[in-house]
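Residues per chain, in single letters:
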Amino acid sequence: MEINSPYEHHDYDVLVIGAGGAGLRAVIEAKQQGLKVGLITKSLLGKAHTVMAEGGMAAAMGNVYPEDNWMVHFRDTMRGGKMLNNYRMAELHAKEAPERVMELEQWGALFDRTKDGKILQRDFGGHRYARLAHVGDRTGLELIRTLQQKVVSMGTDVFMECKVLRLVHDDSGKVAGCVAYWRATGEFVTFSAKAVILATGGVGKSWKFTSNSWEGTGDGHAMALWAGAELIDMECIQFHPTGMVWPLSVRGILVTEGVRGDGGILKNSDGERFMFNYVADMFRAETAESPEEADRWYDDHTAGRRPPELLPRDEVARAINSEVKAGRGSPHGGVFLDIASRRTPEFIRRRLPSMYHQFMELAGVDITREMMEIGPTCHYIMGGVKVDAETAATAVAGLFAAGEVAGGMHGANRLGGNSLSDLIVFGRRAGMGAVEYVQGGQGATGFNLEEVDAAVKEALAPFERESGENPYDIQRDLQEMMQANVGIIRTASEIDEAIEKLEEFTDRVKNIKVKGGRAYNPGWNLATDLPSMLTVSKCTARGAQQRKESRGGHTREDFPKADPNFGKINFAHSMPSGGGWTSEIKTLESPLLEIPEELNALLEEGK
Amino acid sequence: MADVTMRIWRGDATGGDFENYTVAQQEGEVVLDVIHRIQATDAPDLACRWNCKAGKCGSCAAEINGKPRLMCMTRMDQLPEGPVTVTPMKTFPIIRDLVTDVSFNFAMAEKVPALLPPPMPADGYRMFQEDVERGQEFRKCIECFMCQDVCHVIRDHEENKQHYAGPRFFIRYAELEMHPLDTNDRRDLIREEMGLGYCNITKCCTEVCPEHIKITDNAIIPLKERVVDAQYDPIAWLGRKIRRKTKRTASEAAVQPAP
Chain A
11 MEINSPYEHH DYDVLVIGAG GAGLRAVIEA KQQGLKVGLI TKSLLGKAHT VMAEGGMAAA
71 MGNVYPEDNW MVHFRDTMRG GKMLNNYRMA ELHAKEAPER VMELEQWGAL FDRTKDGKIL
131 QRDFGGHRYA RLAHVGDRTG LELIRTLQQK VVSMGTDVFM ECKVLRLVHD DSGKVAGCVA
191 YWRATGEFVT FSAKAVILAT GGVGKSWKFT SNSWEGTGDG HAMALWAGAE LIDMECIQFH
251 PTGMVWPLSV RGILVTEGVR GDGGILKNSD GERFMFNYVA DMFRAETAES PEEADRWYDD
311 HTAGRRPPEL LPRDEVARAI NSEVKAGRGS PHGGVFLDIA SRRTPEFIRR RLPSMYHQFM
371 ELAGVDITRE MMEIGPTCHY IMGGVKVDAE TAATAVAGLF AAGEVAGGMH GANRLGGNSL
431 SDLIVFGRRA GMGAVEYVQG GQGATGFNLE EVDAAVKEAL APFERESGEN PYDIQRDLQE
491 MMQANVGIIR TASEIDEAIE KLEEFTDRVK NIKVKGGRAY NPGWNLATDL PSMLTVSKCT
551 ARGAQQRKES RGGHTREDFP KADPNFGKIN FAHSMPSGGG WTSEIKTLES PLLEIPEELN
611 ALLEEGK
Chain B
1004 MADVTMRIWR GDATGGDFEN YTVAQQEGEV VLDVIHRIQA TDAPDLACRW NCKAGKCGSC
1064 AAEINGKPRL MCMTRMDQLP EGPVTVTPMK TFPIIRDLVT DVSFNFAMAE KVPALLPPPM
1124 PADGYRMFQE DVERGQEFRK CIECFMCQDV CHVIRDHEEN KQHYAGPRFF IRYAELEMHP
1184 LDTNDRRDLI REEMGLGYCN ITKCCTEVCP EHIKITDNAI IPLKERVVDA QYDPIAWLGR
1244 KIRRKTKRTA SEAAVQPAP
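As given, the protein sequences belong to chains A and B, one line each in that order. First residue of the first sequence: 11, per our numbering; consecutive thereafter. First residue of the second sequence: 1004, per our numbering; consecutive thereafter.
Source of the hints: derived by calculation from the structure; they are not laboratory data. Do not rely on the hints blindly, as some may be mistaken.
[What the hints assert, rightly or not] Label-pair restraints from in silico Cβ distances:
1. B:G1018 to A:R338: 36 to 42 Å
2. B:D1134 to A:G44: 34 to 40 Å
3. B:P1083 to A:P341: 25 to 31 Å
4. A:S182 to B:L1082: 58 to 64 Å
5. A:L598 to B:K1093: 53 to 59 Å
[Unchecked claim] Straight-line Cα separation of at most 20 Å, EDC-like style, residue types lysine to aspartate or glutamate; simulated pairs:
6. A:K105 to B:D1126
7. A:K128 to B:D1126
8. A:K525 to B:D1048
9. A:K578 to A:E614
10. A:K525 to A:E614
11. A:K525 to B:D1045
12. A:K125 to B:E1030
13. A:K218 to B:E1030
14. A:K523 to B:D1045
15. A:K125 to B:E1022
16. A:K525 to B:D1134
Here the structure is a predicted model, which is why all the values come from computation and not from measurement. Where is the CB? At the ideal position from N, CA and C, for every residue including glycine.
In isolation and in its complexed conformation, chain A is listed as follows (with noise of 0.2 Å):
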């Protein structure tokens, strides 16, 4: 295809957006098929948020408890995400995990190990059996590292610290590809692609305390809206429950919920272990009723009931938060997480050695003799773009997506230890379903520049006004009205008001005024990341205004409880395709896939 790009200009078959684990996996099965494949990241390879993965990968293995299968798992994470999830993703995923995580050894993977030389598997919030695939608390490093090493020693083209703009699309409205610059020196770049993968991450950075890197602004899901692809669940955010709270300058960074899996629990400032008082009907059957029983459960899973620290992360957030909010908290406004009392200093410093790592050098605490504050942080959205399950595909011709970009996978709250095993199950999906679109000569045969001249236009306004705002202070009143008005606990009153100051937001993005030049300049990276900030704020505020119910990711004060006929539906928001980024977004109901019999019947069991 002859495109007379006014900048450097790449074409591939297949062009996938974000080097995490998804996009990595999909790059890895697009290249097996022998096709064409760029990979485009904002950071250097390797550094994506899927580093900050702790626990686990979670997958029906069976290594320690051989009764586990992926009929369990299904359940657990369709009960998990409260029945919103896609019933099909779902099932896929409980179904390949296993293999996905397997297939990781062959190249390089070194996970720990059972007793005969199994992988190990760990216990994690809501899963019924010890399930997560892990290397000490370090697994999304190893999960990173083993893709990175085969993407790179398959010889793939990366184009790295390069930040995308726009997708664009060809003249009967396939997407063709995207338009970005590259931050080292602030020159514009264009691709064209027969199909375009976004496997982008989340939205993480627009709350005040997340743990989130400045990646998370949701450059992905803002893209795929733009582009004419829908967007469901916005509203379930799951703030992890345990996040450091002091030194305030660390606030938000992730304690892995694998201190919990190994015998952690919480307390309240009266040295009660209050998750017992928290135990939602749902769960009630399947909780151990006194700290004995817990207990006797760490070492044989039939000698007693689940820990209710493991709970599944909602739950055990919302408990936090009551717990301050009742005057019971720890002096910084968390509470205690104790692995001390609990467990022998080697074993601390042998299964946590990150997290040992983490507060002592940062927060001064030694966690094998004191105990940590914590206290909940924004970590993951649920929602993401509405696909496909068996191929990825959304609504958009020729555009694909995986990962935590991707919707409907877990419902309304995610199970810690699904996002990881998401990835790989998911983006060897993308890469299949891009693979088949451009086998099967569906590909885009135009590319239209004027989408490119608009994205750059735009991109440059903030060096060209006399005066303006920083963008910097934007994003912190951002983050803080998102925070106070669509935070872990929400009310109509606070969510309209969001939805009004989103407004006034756009209103000072469009008159942000950057300081120096394009080169490598972090200010002018923020300003254009700002438009997708805004963009999933808008989708998150709507749909938590729609929702009026309790459920999973999404709690609201005024409706604190589910109702079973928002459990049918999801919101899905969608724009005019080929408008600006501020044209209206129009927010519809969209009811679930129904789920057949037979799987049904395995949600039934054990209600």
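We have chain A already, so just place chain B on it with the hints.
Quick look at chain B alone, frame taken from chain A:
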């Protein structure tokens, strides 16, 4: 708390100089927090790399008071009183301010011949904890490249980058050579093209490793022994001459597509 003066190197490949910023401090802050405050106020175009801000991604390496450190793991209250100097890593070319061009490392990564395991049995490989532990130590590496920055073989001799992989890649080669499943042979490559012999075990790399990997003792020295054994053992040498296992390139060694 008292204000602190930050002396930050600003500039690009054509040159630059220190600029001073006086900022307020808060309890428990790390250097990266202070850099971020300067970005958000006085200098929004101050370039620095960072991602996780928790010592897990290795993006924010710089030289603080002349020593390579992760900015996110260096607490302000543990630095000596007085101005704090922050400069980019010296071994790599400057892009802007604190950001350097680390592409040397990615080029070296491309040269590593991949793991070559036997076909995977249906229920996965069996390996034992004692056997994987040696490799796991090296796989803790977060690729901050501070070991490369501090290694005098390339820090003071730009020309050595042509034939020297550096400590980060010596632990990568050690990991592969010690992998229980690997069947690839990289010994000639390590000696002839990766320049293992240039390392004279001064342990500077081990000292700066934020993951406390014993780079010299556990990777480089065993790797030197292994490579030298292969080179100077006459029987092994003859054996390899006769049925010489050619070292396989990365793409040749890439295993079959997954089922």
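Results of checking the hints against the structure:
1. Take B:G1018 and A:R338: their Cβ atoms lie about 58 Å apart, and the range 36 to 42 Å is violated.
2. Distance hint check for B:D1134 and A:G44: the Cβ-Cβ separation is about 35 Å, which falls inside the suggested range of 34 to 40 Å.
3. Between B:P1083 and A:P341 the Cβ separation comes to about 29 Å, which falls inside the hinted range of 25 to 31 Å.
4. Taking the beta carbon of each, A:S182 and B:L1082 are about 60 Å apart, inside 58 to 64 Å as hinted.
5. At about 57 Å, the CB distance of A:L598 to B:K1093 agrees with the hint of 53 to 59 Å.
6. Using a Cα cut-off of 20 Å, the hinted pair A:K105 and B:D1126 holds, with the two alpha carbons roughly 15 Å apart.
7. In summary, the hint linking A:K128 to B:D1126 is supported, as the alpha carbons are separated by about 9 Å, within the 20 Å threshold.
8. Restraint check for A:K525 and B:D1048: satisfied, since their Cα atoms lie roughly 6 Å apart, inside the 20 Å limit.
9. With a C-alpha separation of about 17 Å, the suggested pair A:K578 and A:E614 falls inside the 20 Å cut-off, and the hint holds.
10. The suggested pairing of A:K525 with A:E614 is violated, with an alpha-carbon distance near 59 Å, which exceeds 20 Å.
11. With a CA separation close to 10 Å, the supplied pair A:K525 and B:D1045 stays within the 20 Å bound.
12. Pair hint A:K125 plus B:E1030 does not hold up; C-alpha atoms about 45 Å apart against a cutoff of 20 Å.
13. The straight-line distance between the Cα atoms of A:K218 and B:E1030 is roughly 18 Å, inside the 20 Å bound, and the hint therefore holds.
14. For the given pair, A:K523 sits about 14 Å from B:D1045 by alpha-carbon distance, which is consistent with the 20 Å threshold.
15. Distance check on the hinted pair: A:K125 and B:E1022 sit about 57 Å apart at the alpha-carbon level, beyond 20 Å; violated.
16. Proximity of A:K525 to B:D1134 is assessed by CA-CA distance (about 54 Å); at most 20 Å being required, the pair is judged violated.
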